[in-house]
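Visitor: Listed below, chain by chain, are the residues.
Number of protein chains: 4
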Amino acid sequence: MTTTPASDHWVLTLSCPDRPGIVRAVAGAIADHGGNITESKQFGDPDTGLFFMRVQGETTIARDTLLATLTPLAEQFEWTWNLDTVGRRIPTIIMVSKAAHALNDLLFQQRAARLPIEVVAVVGNHNDLADLATFYGVPFHHIPVTADTKPQAEAELLALVQSTGAELVVLARYMQVLSDTLCRALEGRVINIHHSFLPSFKGARPYHRAHDRGVKLIGATSHYVTADLDEGPIIEQDIDRVDHEMSVEEFIALGQDVERRVLSRAVAWHAQHRVLMNGHKTVVFR
Amino acid sequence: MTTTPASDHWVLTLSCPDRPGIVRAVAGAIADHGGNITESKQFGDPDTGLFFMRVQGETTIARDTLLATLTPLAEQFEWTWNLDTVGRRIPTIIMVSKAAHALNDLLFQQRAARLPIEVVAVVGNHNDLADLATFYGVPFHHIPVTADTKPQAEAELLALVQSTGAELVVLARYMQVLSDTLCRALEGRVINIHHSFLPSFKGARPYHRAHDRGVKLIGATSHYVTADLDEGPIIEQDIDRVDHEMSVEEFIALGQDVERRVLSRAVAWHAQHRVLMNGHKTVVFR
Amino acid sequence: MTTTPASDHWVLTLSCPDRPGIVRAVAGAIADHGGNITESKQFGDPDTGLFFMRVQGETTIARDTLLATLTPLAEQFEWTWNLDTVGRRIPTIIMVSKAAHALNDLLFQQRAARLPIEVVAVVGNHNDLADLATFYGVPFHHIPVTADTKPQAEAELLALVQSTGAELVVLARYMQVLSDTLCRALEGRVINIHHSFLPSFKGARPYHRAHDRGVKLIGATSHYVTADLDEGPIIEQDIDRVDHEMSVEEFIALGQDVERRVLSRAVAWHAQHRVLMNGHKTVVFR
Amino acid sequence: MTTTPASDHWVLTLSCPDRPGIVRAVAGAIADHGGNITESKQFGDPDTGLFFMRVQGETTIARDTLLATLTPLAEQFEWTWNLDTVGRRIPTIIMVSKAAHALNDLLFQQRAARLPIEVVAVVGNHNDLADLATFYGVPFHHIPVTADTKPQAEAELLALVQSTGAELVVLARYMQVLSDTLCRALEGRVINIHHSFLPSFKGARPYHRAHDRGVKLIGATSHYVTADLDEGPIIEQDIDRVDHEMSVEEFIALGQDVERRVLSRAVAWHAQHRVLMNGHKTVVFR
Numbered sequence: 000m001t002t003t004p005a006s007d008h009w010v011l012t013l014s015c016p017d018r019p020g021i022v023r024a025v026a027g028a029i030a031d032h033g034g035n036i037t038e039s040k041q042f043g044d045p046d047t048g049l050f051f052m053r054v055q056g057e058t059t060i061a062r063d064t065l066l067a068t069l070t071p072l073a074e075q076f077e078w079t080w081n082l083d084t085v086g087r088r089i090p091t092i093i094m095v096s097k098a099a100h101a102l103n104d105l106l107f108q109q110r111a112a113r114l115p116i117e118v119v120a121v122v123g124n125h126n127d128l129a130d131l132a133t134f135y136g137v138p139f140h141h142i143p144v145t146a147d148t149k150p151q152a153e154a155e156l157l158a159l160v161q162s163t164g165a166e167l168v169v170l171a172r173y174m175q176v177l178s179d180t181l182c183r184a185l186e187g188r189v190i191n192i193h194h195s196f197l198p199s200f201k202g203a204r205p206y207h208r209a210h211d212r213g214v215k216l217i218g219a220t221s222h223y224v225t226a227d228l229d230e231g232p233i234i235e236q237d238i239d240r241v242d243h244e245m246s247v248e249e250f251i252a253l254g255q256d257v258e259r260r261v262l263s264r265a266v267a268w269h270a271q272h273r274v275l276m277n278g279h280k281t282v283v284f285r
Numbered sequence: 000m001t002t003t004p005a006s007d008h009w010v011l012t013l014s015c016p017d018r019p020g021i022v023r024a025v026a027g028a029i030a031d032h033g034g035n036i037t038e039s040k041q042f043g044d045p046d047t048g049l050f051f052m053r054v055q056g057e058t059t060i061a062r063d064t065l066l067a068t069l070t071p072l073a074e075q076f077e078w079t080w081n082l083d084t085v086g087r088r089i090p091t092i093i094m095v096s097k098a099a100h101a102l103n104d105l106l107f108q109q110r111a112a113r114l115p116i117e118v119v120a121v122v123g124n125h126n127d128l129a130d131l132a133t134f135y136g137v138p139f140h141h142i143p144v145t146a147d148t149k150p151q152a153e154a155e156l157l158a159l160v161q162s163t164g165a166e167l168v169v170l171a172r173y174m175q176v177l178s179d180t181l182c183r184a185l186e187g188r189v190i191n192i193h194h195s196f197l198p199s200f201k202g203a204r205p206y207h208r209a210h211d212r213g214v215k216l217i218g219a220t221s222h223y224v225t226a227d228l229d230e231g232p233i234i235e236q237d238i239d240r241v242d243h244e245m246s247v248e249e250f251i252a253l254g255q256d257v258e259r260r261v262l263s264r265a266v267a268w269h270a271q272h273r274v275l276m277n278g279h280k281t282v283v284f285r
Numbered sequence: 000m001t002t003t004p005a006s007d008h009w010v011l012t013l014s015c016p017d018r019p020g021i022v023r024a025v026a027g028a029i030a031d032h033g034g035n036i037t038e039s040k041q042f043g044d045p046d047t048g049l050f051f052m053r054v055q056g057e058t059t060i061a062r063d064t065l066l067a068t069l070t071p072l073a074e075q076f077e078w079t080w081n082l083d084t085v086g087r088r089i090p091t092i093i094m095v096s097k098a099a100h101a102l103n104d105l106l107f108q109q110r111a112a113r114l115p116i117e118v119v120a121v122v123g124n125h126n127d128l129a130d131l132a133t134f135y136g137v138p139f140h141h142i143p144v145t146a147d148t149k150p151q152a153e154a155e156l157l158a159l160v161q162s163t164g165a166e167l168v169v170l171a172r173y174m175q176v177l178s179d180t181l182c183r184a185l186e187g188r189v190i191n192i193h194h195s196f197l198p199s200f201k202g203a204r205p206y207h208r209a210h211d212r213g214v215k216l217i218g219a220t221s222h223y224v225t226a227d228l229d230e231g232p233i234i235e236q237d238i239d240r241v242d243h244e245m246s247v248e249e250f251i252a253l254g255q256d257v258e259r260r261v262l263s264r265a266v267a268w269h270a271q272h273r274v275l276m277n278g279h280k281t282v283v284f285r
Numbered sequence: 000m001t002t003t004p005a006s007d008h009w010v011l012t013l014s015c016p017d018r019p020g021i022v023r024a025v026a027g028a029i030a031d032h033g034g035n036i037t038e039s040k041q042f043g044d045p046d047t048g049l050f051f052m053r054v055q056g057e058t059t060i061a062r063d064t065l066l067a068t069l070t071p072l073a074e075q076f077e078w079t080w081n082l083d084t085v086g087r088r089i090p091t092i093i094m095v096s097k098a099a100h101a102l103n104d105l106l107f108q109q110r111a112a113r114l115p116i117e118v119v120a121v122v123g124n125h126n127d128l129a130d131l132a133t134f135y136g137v138p139f140h141h142i143p144v145t146a147d148t149k150p151q152a153e154a155e156l157l158a159l160v161q162s163t164g165a166e167l168v169v170l171a172r173y174m175q176v177l178s179d180t181l182c183r184a185l186e187g188r189v190i191n192i193h194h195s196f197l198p199s200f201k202g203a204r205p206y207h208r209a210h211d212r213g214v215k216l217i218g219a220t221s222h223y224v225t226a227d228l229d230e231g232p233i234i235e236q237d238i239d240r241v242d243h244e245m246s247v248e249e250f251i252a253l254g255q256d257v258e259r260r261v262l263s264r265a266v267a268w269h270a271q272h273r274v275l276m277n278g279h280k281t282v283v284f285r
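These protein sequence lines map, in sequence, to chains W, U, S and X. For the first sequence, numbering that gives the first Met the number 0 begins at 0 and goes up steadily by one. For the second sequence, numbering that gives the first Met the number 0 begins at 0 and goes up steadily by one. For the third sequence, numbering that gives the first Met the number 0 begins at 0 and goes up steadily by one. For the fourth sequence, numbering that gives the first Met the number 0 begins at 0 and goes up steadily by one.
Since the hints were derived computationally from the structure, they do not count as laboratory data. Fair warning: there could be bad hints in the mix.
If chains are identical, the list can't say which one is meant, so a pair holds when it fits in one copy or spans any two.
In the EDC-like style, the derived pairs of lysine to aspartate or glutamate whose C-alpha atoms are separated by at most 16 Å in a straight line are [stated by the list, open to error]:
#, residue 1, residue 2
1, K40, D242
2, K201, D229
3, K40, E244
4, K97, D83
5, K149, E230
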């Protein structure tokens with residue numbers, strides 16, 4: 000976060016125990032500095048008693064001054080909070096195996112400036128997608144994984160996260176399961192796309208099981224990765240219609256478009272700081 | 000099935016082991032009698048090796064003659080088949096508890112001639128919906144159910160099925176679980192609406208569990224009832240979008256509209272003979 | 000608006016020229032009285048320079064005191080504003096012709112407490128829907144309309160609006176076109192459902208024209224009525240998929256379900272004060 | 000079309016005046032040669048009196064023999080018909096300007112074997128997308144267009160169509176309007192994607208006009224190109240939801256994903272011979 004003498008467009012996200020006075024305090028702090036709110040959303044969860052807020056604003060004061068103004072409020076109201084620049088491209092590592100559709104969409108959207116991420120590396124346990132990464136000017140790292148080499152592979156990934164300053168890891172149909180250790184090390188920073196409408200069809204081969212069950216809709220779910228496979232907080236889901244004529248291969252083909260869309264939306268919202276954690280659920284200020 | 004001297008618009012549905020010659024045989028039989036096909040759909044399932052067909056046609060011959068023409072084909076090709084009049088209103092019993100939304104839609108659609116069913120009775124284990132049935136001119140039967148009285152209640156229902164000639168029983172948010180015996184007695188003739196997107200959230204309180212899981216879509220599923228709760232062949236499903244702001248009550252309210260739509264579609268397709276059984280799945284010639 | 004000694008759950012809506020300080024002022028006023036915000040949404044339109052806000056809050060002060068607190072702010076910031084009780088059922092007149100689907104849904108939703116309106120009268124230019132209104136305990140007024148009697152008919156309607164205290168008039172597939180005079184007299188208080196996806200197929204027989212055009216989706220649009228037919232600010236729209244097999248009658252049947260849904264959503268949001276006017280468009284704080 | 004001694008999987012499409020006997024004749028011809036139908040769909044349009052059919056089958060006879068069998072039927076029943084190999088990749092030219100999203104999706108789908116086309120050339124009136132075409136190994140032709148050079152540019156395109164044997168031209172957000180002459184020369188072989196839900200917002204800047212109108216849904220339409228701009232037979236449409244918060248740029252970004260999807264579906268169906276012309280409408284055997 001740098002100081003900006005001219006107009007600074009920032010985004011503040013916070014969660015805390017719900018109580019009166021939070022909004023007045025934030026609005027007051029902004030107004031006191033002649034700031035202007037460009038977007039503001041909030042939610043008080045009656046079940047958990049938590050309050051969530053996402054405020055975008057423009058001020059001409061230095062970022063440090065803004066921080067100094069907000070810090071006492073954060074302490075007073077016990078915020079879990081974050082202050083960032085609107086539109087800052089989040090350094091991101093995308094992990095892939097062989098399927099290209101999700102990676103292709105993320106790289107395309109990033110280049111078209113529709114996704115506020117900066118893909119600093121693509122990591123594949125196979126080499127298949129190296130040329131796609133190269134086309135988009137992104138370094139590709141081939142990190143194979145076997146049962147024996149998994150710890151070293153995960154260590155290599157963590158090292159890459161550190162060396163690149165990656166703040167987000169996206170599993171774009173990456174087929175290896177992350178160890179509990181890695182999940183905890185990267186908690187809150189890993190987004191996965193699961194090719195089913197969770198909680199239906201957790202685990203492997205969801206399209207085959209969906210086809211066998213005779214469902215009339217298939218779906219995809221993007222979620223934060225936790226140690227429990229496919230159980231992490233859901234960010235976004237979507238579906239498409241299938242029918243008796245379609246083979247499993249056709250389910251897969253159709254599903255790939257849903258996966259692509261759902262993952263790209265989730266990554267965009269996360270990068271825009273629109274997703275806040277609410278226990279095992281998410282608040283999405285879309 | 001009655002004989003009709005003038006133009007007879009009938010619908011034939013059949014399933015059988017897939018093999019060459021079925022279509023030619025059916026089309027030939029129709030053409031031989033100067034008949035005209037008004038709609039025809041077919042599907043060969045490579046997984047089960049079964050062939051399915053639904054043909055609507057118009058002929059001027061007597062229905063008995065048509066039957067006599069088709070019966071040898073049915074034997075030759077080992078059909079499981081049905082011949083009916085297009086648009087014949089299927090005698091139907093609707094079972095309800097307290098929630099009115101599904102019943103209200105079915106009765107309204109029936110009166111508007113959008114649903115080819117004839118509701119011969121509404122059965123409720125509570126009395127709440129008696130006036131709604133009465134408004135639509137349908138007899139209401141209050142058949143309460145407790146753990147002790149369940150066998151008698153089910154016997155009463157079966158007797159009603161017989162006395163009314165009902166060919167279809169629709170569980171319109173009927174909250175009692177049918178016994179295995181009843182399921183088998185009415186096999187293939189009972190359609191239920193489950194208020195979740197199966198196989199997610201089988202059983203009780205699906206909206207509460209969906210809300211707790213933090214899903215971003217809720218759904219409803221209509222299916223044929225089998226002895227396994229919520230496991231029967233799925234006929235239709237649909238969803239609607241929810242978000243973090245919505246309470247469980249709001250999930251329920253939104254979900255009721257999905258339930259209503261999904262059940263009405265399923266009942267319409269079944270009554271139009273558009274749904275064929277394919278193992279534990281359905282072929283829906285919509 | 001009555002004074003409430005206990006907890007008063009109110010909703011404030013406002014629009015005004017956008018400028019810094021509005022949110023702090025509102026939040027401050029609420030906090031000063033020990034109030035708690037239960038929901039808050041806002042939007043600043045960069046195109047029109049207008050600011051919109053909808054705040055729900057709970058305070059224990061008298062309503063008059065709250066008004067007294069807000070009035071100076073309203074003057075200072077030049078608000079167009081409204082303060083009402085959350086959940087107050089808006090007195091509503093529903094106008095119909097022969098088609099029952101929209102009326103049936105509104106009356107059903109109202110009785111199920113899903114629609115915060117109180118239907119004080121149903122007005123039909125035909126008598127067909129009298130029994131439906133009666134079933135729901137709502138007075139039915141048959142006000143026929145011919146080219147000659149239109150002025151008297153509209154005068155009768157206006158008189159009914161006044162005598163019932165109706166704050167909203169819903170045209171639920173009412174087939175007469177309101178005169179410019181009536182539109183102006185009831186400006187902002189009349190919601191219509193048009194059976195197409197505007198701006199496609201304005202005017203008469205939209206399903207026939209959609210069928211002829213060979214569109215693959217049909218839709219419905221609810222909007223505020225203005226003197227320009229089908230041009231008023233759009234509140235909500237939705238669609239459903241059609242195909243080459245469907246006749247015009249099937250378009251109509253499918254479309255009725257979209258009309259029903261779209262109209263009910265629009266009426267609910269209006270009654271909850273979630274719809275604000277933004278020139279010829281709407282802001283919908285759904 | 001080549002002769003195939005082993006199993007030949009072919010697809011027959013036909014349209015003709017509706018009359019009894021067509022299906023029996025086709026089914027009979029197939030059965031006579033020991034063939035097996037793998038998919039069959041048909042539709043008789045009561046409005047136009049036309050009959051449409053798409054049959055996929057497998058036979059072991061030579062293609063010439065099959066043709067010889069079908070030709071007399073074609074004459075007898077006055078078919079407009081086509082016989083092709085299932086899965087044959089249709090030689091296709093894609094025309095682009097600057098926007099990459101549609102081209103990117105078509106090339107990606109083609110490489111993933113999800114689109115039965117063979118892109119023989121990409122033609123752009125700008126050079127921007129040359130590298131994308133090159134990445135996918137497809138020749139890129141820069142054919143600039145000004146008011147003066149348009150006839151030569153179109154002649155160059157026609158020459159390319161001939162030299163490559165292209166059977167389909169896809170306008171993937173190509174911003175030049177084709178002349179009447181070119182439209183007629185390529186009649187039935189040009190698919191365009193228009194970035195609105197036709198017939199709303201024909202012509203230029205549809206997203207700006209949609210944004211100004213305050214619609215709550217935006218859409219895209221793929222259609223065959225005729226001399227009347229944006230009037231050609233519609234193949235497919237889809238929509239996505241927008242709201243008051245979204246700027247025109249956000250409409251455009253969201254709309255691009257709809258355009259991409261709708262165009263790819265239309266091209267796939269056309270290439271699979273699933274789209275038949277029915278006057279100014281299409282029959283889509285999807």
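Visitor: If you test the structure against every hint from before, which numbers come out violated?
Guide: 4 and 5
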